Every structure is written in structure tokens, then in C-alpha cells.
Amino acid sequence: MNPIRVIESRTVVLPRENVDTDQIIPARFLKTTSKEGLGRSLFADWRYDSAGTPRPEFVLNQPATQGCQVLVAGDNFGCGSSREHAPWALVDFGIRAVISTSVADIFRNNALKNGLVPVVVDAAAHQKLLSAPGAPVRIDLESRTVTLPDGSRASFPIDGFARYCLMNGVDELGFLLSQGEAIDRFERSR
Amino acid sequence: MAPRTLFEKVWDAHQVQAETADTPAVLYIDLHLVHEVTSPQAFSELRARGLGVRRPERTLATMDHSTPTLPSGADGRWPFADPQAAAQVQRLEQNCADFGVELHPLGSPRQGIVHVMGPELGATQPGMTVVCGDSHTATHGAFGALAFGIGTSEVGHVLASQCLLQRRPRTLAVKVDGTLRGGVTAKDLVLAIIARLGVGGGTGHVLEYLGPAVRALSMEARMTLCNMSIEAGARAGMVAPDDTTFQWLAGRSRVPSGAAWDAAVARWRSLPSDPGARYDREMALDASALEPMITWGTNPGQGIAVTGRVPDPAAEKEAAARASAEAALRYMGLRPGQAIAGQPVQVVFVGSCTNGRIEDLRAAAQVLRGRKVQTRTLVVPGSMAVKKLAEAEGLDRVVREAGAEWREPGCSMCIGMNGDVIAAGQYCVSTSNRNFEGRQGQGGRTLLASPYTAAASAVAGAVADPRPLLEGR
Ligand code: SF4
Chain A
470 MNPIRVIESR TVVLPRENVD TDQIIPARFL KTTSKEGLGR SLFADWRYDS
520 AGTPRPEFVL NQPATQGCQV LVAGDNFGCG SSREHAPWAL VDFGIRAVIS
570 TSVADIFRNN ALKNGLVPVV VDAAAHQKLL SAPGAPVRID LESRTVTLPD
620 GSRASFPIDG FARYCLMNGV DELGFLLSQG EAIDRFERSR
Chain B
785 MAPRTLFEKV WDAHQVQAET ADTPAVLYID LHLVHEVTSP QAFSELRARG
835 LGVRRPERTL ATMDHSTPTL PSGADGRWPF ADPQAAAQVQ RLEQNCADFG
885 VELHPLGSPR QGIVHVMGPE LGATQPGMTV VCGDSHTATH GAFGALAFGI
935 GTSEVGHVLA SQCLLQRRPR TLAVKVDGTL RGGVTAKDLV LAIIARLGVG
985 GGTGHVLEYL GPAVRALSME ARMTLCNMSI EAGARAGMVA PDDTTFQWLA
1035 GRSRVPSGAA WDAAVARWRS LPSDPGARYD REMALDASAL EPMITWGTNP
1085 GQGIAVTGRV PDPAAEKEAA ARASAEAALR YMGLRPGQAI AGQPVQVVFV
1135 GSCTNGRIED LRAAAQVLRG RKVQTRTLVV PGSMAVKKLA EAEGLDRVVR
1185 EAGAEWREPG CSMCIGMNGD VIAAGQYCVS TSNRNFEGRQ GQGGRTLLAS
1235 PYTAAASAVA GAVADPRPLL EGR
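Chains as they are written, first to last, in this note's numbering: chain A, 470 to 659; chain B, 785 to 1257.
Heads up, some of the hints might be wrong.
[What the hints assert, rightly or not] Output of the computed footprint for chain A on chain B, the stretches with three or more beta carbons under 8 angstroms from beta carbons of chain A:
| hint | region |
| --- | --- |
| 1 | 820-827 |
| 2 | 1107-1120 |
| 3 | 1197-1207 |
| 4 | 1222-1232 |
Don't read these hints as lab results, they were simulated from the structure. Please read these numbers as outputs of a predicted model, since none were measured by experiment. C-beta: ideal position from N, C-alpha, C; glycine also.
This is chain A alone, in the form it adopts within the complex (with noise of 0.2 angstroms):
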């Protein structure tokens, strides 16, 4: 994985609540046994209609948010179900960071695994970034900041560990098998 630092980007703006990982990638296009090209099917139902032609009116169809790397969510971002799919369409698509009120557990530790990097911010930093699509932001993880479109800076959590291996390109797995004689030591006390 590449290290990040800093993401700079445009933002695009989908404020809806409790968006499913249904809808960022419908059942169907789980069949796959790669994690390659699954960009295209990145909310393939409210992308397109079922003629396969995409529909104008959604927003990651429109000229202006072409190539923006940071997506702008309503609450609770990713609930449903387990699959890494979802963050797989949404880094291949070319999202780098989602934005929001909250977001689902498993698909935080998901997108945190892929270099997606999840900001939750506060109801007050949210409502500006919601009211200013297309505005430019820069997320920041040695900060734990990003700024807003109004120039001040919001503060968003985000576990040490994980912030630790996004910036460094550090893999978890890697971590685990260094653990292996404690795991070991574990599996013989028992």
C-alpha cells in the first residue's frame, strides 16, 4: 500500500443517509474472484438505468465532479453488508477519503485497508461541506484535520494504529505474523 499523507481534492456530494453497501455495489456484481475493474459497477443502479445508459442527473455522472477524489456522504456511510467490494469500486473508481456524520463499522475497517480513508466530522463541519459541492478540501492525517470550504479547519478521529499504517504503508498483515509467537504462546496456554 502507498503511504498517505495528505489528500487533496474537489469534493462530490451524495447527501444521503445510510447509504448501503447495496448501493455502492449491488449483489450482482459480487461474483467476481478479483478485485479488479469494479470501479464500473460503483453505484451501478443510481448510475445508470437498466438499459445500462448512465442517467445525467446523478451526481458522479456530471462534468464538474469528474476526477474528485473525496466523497461527501450523509450519516452512517457503508451500512450493511461485510463486503470489501464496496471499498474495492469505491479506490478503483478513484475515491480517496469519504466524508461524514458516521460510518458503518465493518465498512470502516475495510476502507481503511485499501487506503480509503474514512473522516467523520462533526454536524456543524458537515452541513458546510454539504452546502459547498465541488468545494476544495485537504485531509490531512498527521493533523487529523481537513479543512473546510469556508477556510477553517475541522478536527476528525481516527484510531492511532490506523493512522499509523495508512501513513506508512504498513500492511496489518504483516503486523499479525509478527505476532506469531505470542499467538503461539496463546494457542498453547489454552
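Start from chain A and add chain B with the ligand according to the hints.
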């Protein structure tokens, strides 16, 4: 020692390393369940790194999501929906063979939805840590296990190290007093709990279901209850083990026998929360006040009594909640204030890891016996074992004589990956757990309910209160 909750006891007993400010806990996993959809990329990762499965004997696989629910043909071939589904299932077979993992494949006597199969084998036991690349792993908490869903990267972690890195969640006690009335089930109870908590209300928490109404539930019903904990955002739900649990487990193939069984039961008896144990949050509910529930919207928290009316979004105080209720009603094609009973439906689905166990099929059959369905109705047993038992009881005949379809086990129309889908615009009363947009098929509209309510709605061709149909039965 300070009094501890059930959760704390299980957590403490599985810490290889306790968490610190800088690092999460290393948590040991007793049982890892695997299925075809969330595992292929994890096995690929193992291969890429030259790693093996650390504890194959703690790993157990089956196939359920992409599998057909129509029987194999005369040539022994299964009617897969598409080549991709067949390839995914084949990949699991290959991975299990290569890595030495026990697999219960399609057509074998123990195959089934992973959360139905694990308990049936006695693989899920009190006090264990159980994970699976599936959010409804919460089901196994019914046995007093700490059971939660993980993503595919974490599936790889557990395969390789038998451990996970985890921050300790908070606890939320859900205390249910009173007694469920006739025709009101664990499904109605959990829909009522989620309606109260909200779909994000349990985030960061492990729920423990307590109280006399929970004690009175069968194991099947406790599994239904714990199964949907994730729909309130909680990763896990737990019920303390008791005699109901031990009786259900006794004699199953993976539980110990003889003196080892007695020793296990003695250990399990120490698991329930100590008197005076503290929870981070608590909520209380009176089971006696509940009616059969049904959802009207596009998340499982949008539920009402089957005798109720679709709420008016205008009554929502918060703008965001109002917008989400409006969007849900638009998608569902329902009107604020309309009675939900009588809403025409075209499809009924009885099955899934929420309500695909034997008691659920008995409940559906109780309503269907001697009646005819007015909708396309699929009854899908949760596992081969459930199917066999149901057939021995003649439930398949009841289902068929009512004009409903009796299928092979699998996830089926809960997720619609195997070709069992509803059409755009159709209404389906479903005993599954998610009414998300398109969950059962693109453009399909799902109303979640109990097996009683689903069967009654099939008979009526419209959403129906099951209680009148249960009178005298
Ligand atoms: S029955 Fe539905 S919820 Fe349960 S494991 Fe299968 S797809 Fe998931």
C-alpha cells in the same frame, strides 16, 4: 474481580495481546466460517505471500450465495445463473482442497447458508469467538459466542494468523420484559428493536439481549434476533447460554460428548453476565406490547406494526431524516398514511439466515396448510439438514399444495445473486433481513416480516396480519 458482562468474559478470554493506545488488541478466533463470495481474494493473497492456513481445523466452508436453488439435472450439473457464479463456487472447491479446509459443497448433506450450517454442526459454541466474511455472522451470538462479520482482507488475516486486530467495542444491553403474544415472533421483536434504535444506533456496540422475553425464546428464535443486530449497526448481538442452549447443542457432531460435555457445560454456565455488571448503554422494551411488524421503507429501521399506517415524512423533525423517508417512499411507491395491510404484493419469500430454519418453515406451513397462495411464493430451507427434516415432517407437501415453490437450500432471494430475483416494481414480503433498494433484484421492493406474516400475505395476495389465519391452529 469486578462483575463482568458476557461480552467482556468472552473478549478477555481471547486476547492474545491486550489493546494499548497505539495498537489494537490481537484477538484469537476459535471458528472461522468461509463462503464463496468473500473468500477468493483472501486465498489469492495467501498464495501471493506464500502463506498457509494456520488452523484449518478451526476453519469451515460451505457455498450458499451464488448457488442455485433448483435441483441438479439428470446429468448431475447444477443450473447456475451464469458462468461467473459457477466459477466462484469452483474456486472455493479448489481453495479448500489446496489449503486443507473442510468444505460442505453443493449437494452434500450438510451444505447450507453458512449461519444455519455452523450451529447445526455444533461448530458454534458458547464462549467462542466466531467470524465470517459476512455481516450476519452476528447470528451465532445466540449461543453466547462473540460473533461478527469481517471483510475479505480480514478473512485473509484469520486464515493466515487465526487472529484479528480489533478495538474493544462498547456494550449495549437490550432488556426485553413481558411475553410475546401469539403470532408475534423474534423477527417482529428485532424489527421493533431496530425501529427504536435506528439503523446506525448500535454502531460501535455489541448488543446483549436480556430479560424474560429473551429467555423464553427457542434457539432458532434467538438466532433470528441476533442475526439482525447488524441491521441496527451493531456488529454483534449476544444471548447468554442457558439450558435451552445446552439442550439444543447436545449430541451435535462437533460438540464434545461424555465427561468432556459435562465439563464444557460447567464452563459455559459461568459465561452469563455477573449481577451488577455494567453496560455502556441500556434500552428496555416490553414484548407484550408488540404486534407483528413489517417494513415500509428501504432500511430495516423503517418498520411499523402490520396493523399500522405508513408514516408521513412531513412529521420528521430533522431534514435529513425527512429526505431519507421521502426517498424511501418514492422508491417503494407507497403513500403516507396508507394502511400497510392490504397493500398488494406479487412475491413472497420465506427463507434466509434470518428465517430459514425449521421453526420458520413450520410457522409458514402452519398458515399455508389447506390454503392457496395468490402470489409467486418461494420457500427455501436454510440448509440441507433443515430441508430433510422439513420433508420428513411433510412441510414440503403443505408448501406445494398451497401452490408455493419448494426449493433447494441457499441464500436465494435474500440477495438475488443466484438468479432468484424479483422484477422491477414488484412488491415482495420477505422473511430476510434487508430491504435495501434493489436487494432482491433491480428495482424490486422489499417488505421485511416474519414467516407468519409472509405466509399470510401470500395467501391474501396483499400484506396481511397473520393472526386471524392462525386462530384454531
Ligand atoms: S441469507 Fe442473506 S443475509 Fe444471510 S448470508 Fe445469505 S445473503 Fe447474507
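Taking the hints in turn, this is what the structure says about them:
Chain A is given as covering the region 820-827 of chain B, and this holds because 4 residues of the stretch bring a CB closer than 8 angstroms to a CB of that chain, at least three being needed. Counting residues of the region 1107-1120 of chain B whose beta carbon lies closer than 8 angstroms to any beta carbon of chain A gives 3, which reaches the threshold of three, so the coverage claim holds. Beta-carbon proximity to chain A at under 8 angstroms applies to 3 residues in the region 1197-1207 of chain B; the threshold of 3 is reached and the given coverage holds. Here the region 1222-1232 of chain B counts 4 residues with a CB under 8 angstroms from a CB of chain A, which clears the bar of 3, and the coverage holds.
Comparing the model with each numbered hint stated earlier shows that all of them hold.
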